[in-house]
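Visitor: Here are the chains, one letter per residue:
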Amino acid sequence: MIADQTQHASGGPEPLLELSNVSKHFGGVMALQNVDFTLLPGEIHGLVGENGAGKSTTMKIIAGVHTDFDGSMRIKGREVRLRSAGDALANSIGMVHQELSIVPDLTVAENVFLGNQPLTTIGTVDWGRMNRDAKKLIASLGLDIDPTTTMGALPVGLQQLVELSRVLFSGAQIIILDEPTSALSPPEVRQLFEVLRRLRAEGRSIVFISHFLDDVLEISDRVTVFRNGKKVITEDTRSLTKDSVIAHMIGRGSKGMHMGEEAELRGDDAKPVVLSVQGVSDGRNLRDFSIELRAGEITGVYGFMGSGQIELARALFGKVSLRRGSVRLDGKPVRFRSTAAARAKGIAFVPENRRMMLFRQEPVYKNVSISILDRIHRLWLKPRAEKRITEGHIKDLQIRPPRTAIPLGSLSGGNQQKVALAKWLTHLPRVLILSEPTRGMDVGAKEDVIRIVRSLRDRGVAILVLSTEPETILTLADRVTVIRKGTVAREFSTGHIEKADLLAAA
Amino acid sequence: MTTADTAAPRSFSLKRFLADQLRNIAPVFTLVALVVFFSFASNSFLTLDNMLNIIRQLSITGIIAVGLTYVILTAEIDLSVAAVANAVGITVAYFTIQPDYVNIANIPLPGWIAIILALASAFAFGLVTAGGMTIIGIPSFIMTLAMMQIANGVSALLIRGQIAYQYPDLITTLGSGTAFTIPLGIDAAGKAMFIPIGWPIIVCIVFLLVGHLVLTYTRYGRYIYMVGGNREAAEYSGVNVKFIIGSVMVICAMCSGIAGMLGVAYFGSAQQNQFDTFLLDAIAAVVVGGTSLFGGRGGIGNTIIGLLVLGVVNNGLDHIQIDSFLKILIRGLILLAALIINVYAQVLKEKQSDLD
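Top line first, the protein sequences correspond to chains A and B.
For the first sequence, this note's numbering begins at 1 and goes up steadily by one.
For the second sequence, this note's numbering begins at 1 and goes up steadily by one.
Read the hints as simulated data drawn from the structure, not as lab findings.
Careful: at least some of the hints might be erroneous.
Derived DSBU-like pairs: lysine-lysine, alpha-carbon spacing no greater than 30 angstroms straight-line [as the list claims (entries may be wrong)]:
1) A:387 - B:351
2) B:15 - A:387
3) A:345 - B:351
Counterexamples of contact, computed for chain A against chain B with all Cβ distances above 10 angstroms [as the list claims (entries may be wrong)]:
4) 190
5) 324
6) 371
C-beta atoms are modelled at their ideal positions from N, C-alpha and C, and glycine is treated no differently.
Make a model of the complete structure from these sequences and hints.
Guide: Pasting the structure below:
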């Protein structure tokens, strides 16, 4: 105990928060391994790393979400063991999650005081005081918002700041922000940074988790990099560059590259364009996005979560409608009013979540045949033909167990994903849209899916692969478009490309 | 090959089978138990005459229940069935010449035109419901509640508190005519005995049969089950979910309308609020039969059993010595029991597939 304190006495100020030797595992999976982390008073501390590197797990431990871990946590030198998020708040630790927990239909003031509205002596809500206090609190962030406007009417950037003021109201000294800039426009980012600097000047400490390295490097005093559940470094921002941070994130230089960490792109502009998307916007997440899909090519779209890939895939399959821009199929303008219309034109889509397109309680063959029933017979069902077709797919895709009549839910995840693909394989689609095609799959199933997708490409299908995992994109894509906040950030069509290039572009 | 496949997980399969089939077994079991109970409790219950009576009383409800089965299979609900039946029944009477003492400003037209207009009104009711749900996005519960009121309003405007007695000949025949008789020999007094089979029963059986064939053997029927089973997955498989939902609402309104036309002829009069009990009866028949309120499970077979359970309860309670006010409560309790089984079967099924 005494030894600990003398350590800090020798160097710099005493940390506000300190994790030492923290490990956390979920079942058999090690999510964090021997992590040390310190947060100084009055600093903005950037936290970066790829998906699954351990930054979110670390913050959830600090915020009292994960209560079961090895190692110790100290606040102002005093060892604490948080038992809940409320417990964390009592220890002045507050977190603003990426998915805001606001109530859009309530007023700004009601949102700020959600759950502990000031009351009058007779027990009713003291609206006057609540509105006055909310206005004061928001003004302390340098903002001018009418506390009686409804939350939903505010732009996302302000909603986020109101949520931040709620955390401040609860007295938080340590504020954790998870991907705060991902939904913000550049002026909104500047506004947020001003607020953060103001809070730092008041002596509060901020943890800033983000994929956007430019943002992290701009606002942070120090940066900690995570990789594979371990802390790689904590360093002063002044001694870091974007390239050096990426190098730490992906571990370049430490060992040879693995599969999916680099690729040789083979985009061929001579191949005919099948689907041409020009300047589409959906009014929210997509802004003036353009892409061309060519026959016999896999086009990868890489971007962080929430960059607009999900919306792009849904719009191209007719699930949501586009506000602006044009989509052309074989040169002819198309506008799909339903997924059925998109399917009829030869567009196929496998969403990122298998449950979204599979009927777990129905037999395998009904899952496969649902997309081709009209091609088997306009009016009648032909279960024998359905089963025969399904058997063919089961053989081709090596789906296990090889039975057509068992409920789909009894198959493993990888095999379910193959069934989801099989849906679209009886009659080759013109365009196949795959969202996160290999996420969460074991190695064997992953390789099977990769093989299937490549063979479809070789048979002339124009394939669009959307992913937040650089490995998936680099393994599959012939050309890559990087999407950032709904617009094209960069395009790669030929030549050597590495994971670092994608991370730097996004 | 199949023996080896099925033999291995036998004990497990039995459990799964029961979890799967609870919704089908429970109603049949209920039906048998009720028939046995009433047979012992009353001498007059288990007679050929009475059995036929039960079926006759079910025929109008049965036609409505066919359409409602489609709706409930897609996990929607239609609360306007009885009101639409009433409005369409009144519409067909409105366009038929009435006796002098029926004091409404009706517009007599040839019978076939009156029937077409009545069918068109049913179609229009369905179309409005479908549009409200699929284009505007109003939940079926609220949309059909509004349609119930609208259809009642149409009835009120057309009939103006009067009672109409005349319908086109075709409707009179189908609603109250005898299709054929089954001779049963000669009784002690030397009179020929026969069972008359009314047209409503025939029409009801045709509706049930066609309803079943469409659900089981057509692409459209499969889409209905898939949309009910997982709407999002159906949409991501390229099924036109809005068309399926909209069309079942139109089908349901058409079934209700036809039931309404036959109903007024069956009752012999067309007046306001005549079909009020049919809403609860039709919903009860579908749900008691075991069609899942969450969609995707069940079918016309279930609805037939549900109809019979309902018919036996309604009829059987008249045959035993019981406070007639208590009967209403008993019907409610039976419906509650069926709902419990319905929801429990769903929970059990989901648990089972999570274990897989």
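Visitor: Next, verify each hint and record whether it holds.
Guide: These are the hints, each one checked on the structure:
1. A:387 - B:351: Between residue 387 of chain A and residue 351 of chain B the Cα gap is close to 27 angstroms, so the pair holds against 30 angstroms.
2. B:15 - A:387: 26 angstroms, holds
3. A:345 - B:351: 38 angstroms, violated
4. 190: 38 angstroms, holds
5. 324: Non-interface label on residue 324 of chain A holds, nearest chain B Cβ at 23 angstroms vs cutoff 10 angstroms.
6. 371: 5 angstroms, violated
The structure fails hints 3 and 6 (numbered hints given earlier, in ascending order).
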